[in-house]
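Listed in order, the protein sequences are those of chains X and W. Read in this note's numbering, the first sequence has 4 at position 4, and its numbers run on one by one without any break. Read in this note's numbering, the second sequence has 82 at position 82, and its numbers run on one by one without any break.
Treat the hints as calculated values from the structure; they're not laboratory data. Don't take every hint at face value.
From chain X, some residues computed to sit far from chain W (all C-beta separations above 10 Å) [claimed, not checked]:
{"no.": "1", "residue": "79"}
{"no.": "2", "residue": "85"}
{"no.": "3", "residue": "226"}
{"no.": "4", "residue": "235"}
Cut-off 25 Å, straight-line C-alpha distance, at most; resulting in silico cross-link-like pairs (BS3-like, lysine-lysine) [stated by the list, open to error]:
{"no.": "5", "chain 1": "W", "residue 1": "39", "chain 2": "W", "residue 2": "192"}
{"no.": "6", "chain 1": "X", "residue 1": "232", "chain 2": "X", "residue 2": "297"}
{"no.": "7", "chain 1": "X", "residue 1": "37", "chain 2": "W", "residue 2": "288"}
{"no.": "8", "chain 1": "X", "residue 1": "37", "chain 2": "W", "residue 2": "268"}
{"no.": "9", "chain 1": "W", "residue 1": "268", "chain 2": "X", "residue 2": "201"}
Listed next, with one range per pair, are the computed distances between beta-carbon atoms [what the hints assert, rightly or not]:
{"no.": "10", "chain 1": "X", "residue 1": "244", "chain 2": "W", "residue 2": "300", "range": "43 to 51 Å"}
{"no.": "11", "chain 1": "X", "residue 1": "273", "chain 2": "W", "residue 2": "52", "range": "22 to 30 Å"}
{"no.": "12", "chain 1": "W", "residue 1": "300", "chain 2": "X", "residue 2": "40", "range": "53 to 61 Å"}
{"no.": "13", "chain 1": "W", "residue 1": "189", "chain 2": "X", "residue 2": "283", "range": "25 to 33 Å"}
{"no.": "14", "chain 1": "X", "residue 1": "223", "chain 2": "W", "residue 2": "296", "range": "52 to 60 Å"}
{"no.": "15", "chain 1": "W", "residue 1": "296", "chain 2": "X", "residue 2": "205", "range": "35 to 43 Å"}
{"no.": "16", "chain 1": "W", "residue 1": "226", "chain 2": "X", "residue 2": "283", "range": "42 to 50 Å"}
{"no.": "17", "chain 1": "X", "residue 1": "154", "chain 2": "W", "residue 2": "82", "range": "48 to 56 Å"}
{"no.": "18", "chain 1": "X", "residue 1": "64", "chain 2": "W", "residue 2": "307", "range": "53 to 61 Å"}
{"no.": "19", "chain 1": "X", "residue 1": "156", "chain 2": "W", "residue 2": "215", "range": "44 to 52 Å"}
Virtual Cβ for every residue (Gly too), placed ideally from N, Cα, C.
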Amino acid sequence: MEVGAVVCLPRLSRVAVCGGTHGNELSGVYLVRELLKVKKKVMVEEEEESVSVVIVLSNPRATQQCHRYIDTDLNRCFTHATLNGPLSDTTPYEIVRSRELNTLLGPKGSSQAVDLVCDLHNTTANMGMCFITYSDCDWICLHIFRHLQMEIPDIPMRFIHFDVSNKESYSLDSVGKHGFAMEIGPQPHGVVRSNIYTAMKGGVQHMLDWVRLFNSGKMFKGGFVDVFTMVKHIDYPRDSVTHNITAVIHPHLQDRDFCLLHPEDPLFQTFSGETLRYKGNEPLYPFFINECAYYEKGIALSLARKKRVMIPPIQVETS
Amino acid sequence: MEQVSFPPLSSVVICGGTHGNEMTGVYLVREMQKQKVDKVGSVSINAVMSNPRAVEACTRYTETDLNRCFTDALLSSPITDSTPYEVRRAQELNAQLGPKGSNKAVDMLIDLHNTTSNMGLCLIFDSIDYVTLHIFKYLQSKIPSVPVRSLLLEKPPSEAYSLDSVGKHSFSIEVGPQPNGVVRADIFNIVKEAVDHTIGFLQEFNRGGTFEGGEVEAFTVVKSVDYPRDPMTGEITAAIHPQLQDNDFKLLKRGDPMFLSFTGETVKYEGEELYPLFVNECAYYEKKIAFHLAQKLTHKFPSIRVKKD
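Isolated chain W (complex conformation):
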């Protein structure tokens, strides 16, 4: 593949508290704001608390999930008295950090998240972007202490609904397992390391370094599985089976246990071989997702370097 060049990546925004109870991002952003971090070499850095009201209440959101409010439709919807707080906040963030899709948008937006699932360090991309794929490969080489994986959502920009779709290049850093409302030192240290290495990558990129192409494996969600539920009450009637619990990214095969009901029966998986992720994520009970199932695909990407004027 032929080398691709990109303009310098000079403006980076680190967002935390997009979900107000995912604490690593909240505390990292607070620390960066306290240290008044604003420039590292050629890279100017801005730390933003995405959902201050939800952070204050230590809750995922106050009225609606902020990280589903960045579709083109919601970003351009008229604001009225009854517009949910998060829809208004999304438009504010779009004005501050975007506008999404325009030339004024920040060069890179990194949105920090936590999950109760055992997903290690997972980068989440909306689409194939050679810059962020390179960052993924770079982080894999720099952080051997945890598994580093990626999830590709494959959403066209107009449908892309998350905060990280606002930047010219962006991704979410999703790290778990960590309970909502709790901050663990080991998770905090991993996320800080990932952010520091990303900024290191950008500096080297801007200086004119060439990053060799290659290939990476990324997971793409194929379908989701809900919990078994009581048809009358809608309440779940089983928990993730102990053999699936904490085994995100381990191939799930036909006949493998999936759920263990509260009365002790095992429910087995009967579909095609796929990789489970977001297994037993707290916030997904209400979205009717016990886990996602993904395929693993290899993506080739070219070497990149900064465009010289």
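The following block holds chain X by itself, in its conformation from the complex:
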């Protein structure tokens, strides 16, 4: 690809903003509620809009109970297999719901799917604002990220890539033609922090502004984005009988998401006070350090490699 050659992409006519995919991640819950209120007031102007925005409260039952999920994690229910398998009386609530969302915003993989899904999340980890996607070459998501970096310079922002094929992609944001999770922390689950809510509100606003600019024909210059690609997860040390954790994230690692972790750096502190060290071969970037919801998934932290991705200039296709 020649640097400088403009890539033309179809307009983004329909964008979905989803919150409450995990019912206790409250910034997204309250932002979606607020956007729905505002939407009711501005319904008349929608025809003049270049983009139609769908606002969705993804998991209403879990939100109502302020739980991450009722039966199973909704944000793992969007694989093609789960979306198309058989339903029965005992099908978990979230699987029933994932199909409803797939009908509303998809079908995943089809030409009727919304152009962009922005799924709002919070984490107890000190991650600042992160975009999480399945691709390191989706120019739409990468340009939106770059735009937010420039518009909101006082919030640390990172782009995380999970190298998972489309066939295996499992999260809500994989339903749209383009999609990403907007993950902001630290915020305890069940709590809304004003600074986190404001950051999320700003992020969504700037994203929608970018979409309108893109649709109007503006050319966005190329550049580069540092992309963190997930390499592996590390679980807590656990008791072999009870499976309870026997150590905590070490104080020197706690809150140091995206600070390079070197072999032999402190990793865990046991409850009896011992330090356990990182035994990997290469320095990697830790993230999702001490995320509440990941204890049950066997993840104390995730580790990523960083690479610089050159992004081309892009402009909307003119038919």
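Guided by the hints, dock chain W onto chain X, whose structure is given.
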């Protein structure tokens, strides 16, 4: 003030998991049970997991808040099939560690809690008790790494509703900020230090050491403030303002920002100067408390020593 003497404090119970998602206490109790800690010098120690079902589900409670089930009324209410799990559990704990108010109750009960609020290390007392005030002063001197404060609830024993009202002398150790369901090493280390120093104090006390009297400042809750809410849905319409967030124990004055609405408006505090605490505590959203407001009072207390037979 004249010196006061007390019988030896030989039996201590450390309780964790009274709220099943406040993880420091859960893991400290598990560790103490694993190490089979049962005696340190003159002090016999028992580590108890207060709400095992809630701990298993990593939730605050299963049916009702266990830490509101220790009033005299609830402790003596008849058990039926429909009695909530936590009410039954409270009665079990009262039988095991109490009975509350009787001579058989443990000498000291320390109940471990976490909060999502930025409260540092806070000791919570039901009433003025010279032994626990001395422990508070002792911990303040021994733990310089975090602010150590106290909250006095001023509840008469019959109305005292929390687990720590069961022991002859008791207090809660409340440490934050820590998200529910998460265990942070720095918070764990502080709580362990506080428990270890408390046991050290008790040993020295039992040996016959004299602890000089003095005075301490304690906070007493005057009122609570709820979030602004939508009158139709009851949902909150604002979050704690960034200038109040994490500023527990910093004097809140008339005109100071209190809430920032989701549409960007600031709501200011219009009351008398008071100290906010439990600012943005997760579990209090459902109790309709955005924060408590307290006054700070000085309490004098005499020197104490163990009663000699």
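Practice problem: Hint says 35 to 43 Å; check whether the CB-CB distance for residue 296 (chain W) and residue 205 (chain X) agrees. | Solution: holds, 42 Å
Self-check item: Least C-beta distance between residue 85 (chain X) and chain W, which was stated to exceed 10 Å
Solution: holds, 28 Å
Self-check item: Distal placement of residue 235 (chain X) relative to chain W, Cβ over 10 Å
Solution: Correct as stated: the minimum Cβ-Cβ distance to chain W is 15 Å, above 10 Å.
Practice problem: Given the hint that residue 268 (chain W) pairs with residue 201 (chain X), test it: the Cα-Cα distance must not exceed 25 Å. | Solution: This hinted pair holds, its Cα atoms lying about 22 Å apart.
Quiz prompt | 25 Å limit on alpha-carbon distance, applied to hinted pair residue 232 (chain X) and residue 297 (chain X) | solution = holds, 13 Å
Exercise. For the pair we were handed, residue 37 (chain X) and residue 288 (chain W), check the Cα-Cα distance against 25 Å.
Key: Holds, at about 23 Å.
Self-check item: Pair hint residue 37 (chain X) and residue 268 (chain W), alpha-carbon separation not exceeding 25 Å
Solution: Distance of about 24 Å is within 25 Å: holds.
Exercise. Could you check the hint for me, namely that residue 223 (chain X) and residue 296 (chain W) are 52 to 60 Å apart, CB to CB?
Key: holds, 54 Å
Quiz item: At the C-beta level, are residue 226 (chain W) and residue 283 (chain X) separated by a distance inside 42 to 50 Å?
Solution: Roughly 48 Å apart at Cβ, these two residues keep to the hinted range, so it holds.
Quiz item: Taking C-beta pairs only, is residue 226 (chain X) more than 10 Å away from all of chain W?
Solution: At roughly 28 Å from the nearest Cβ of chain W, residue 226 (chain X) sits farther out than 10 Å, so the non-interface label holds.
Quiz item: Taking 53 to 61 Å as the hint, is the beta-carbon distance of residue 64 (chain X) and residue 307 (chain W) inside that range?
Solution: holds, 56 Å
Self-check item: Assertion that residue 79 (chain X) lies outside the chain W interface [Cβ separation over 10 Å]
Solution: Check passes; 26 Å lies beyond 10 Å.
Every hint from the earlier list agrees with this structure, and none is contradicted.
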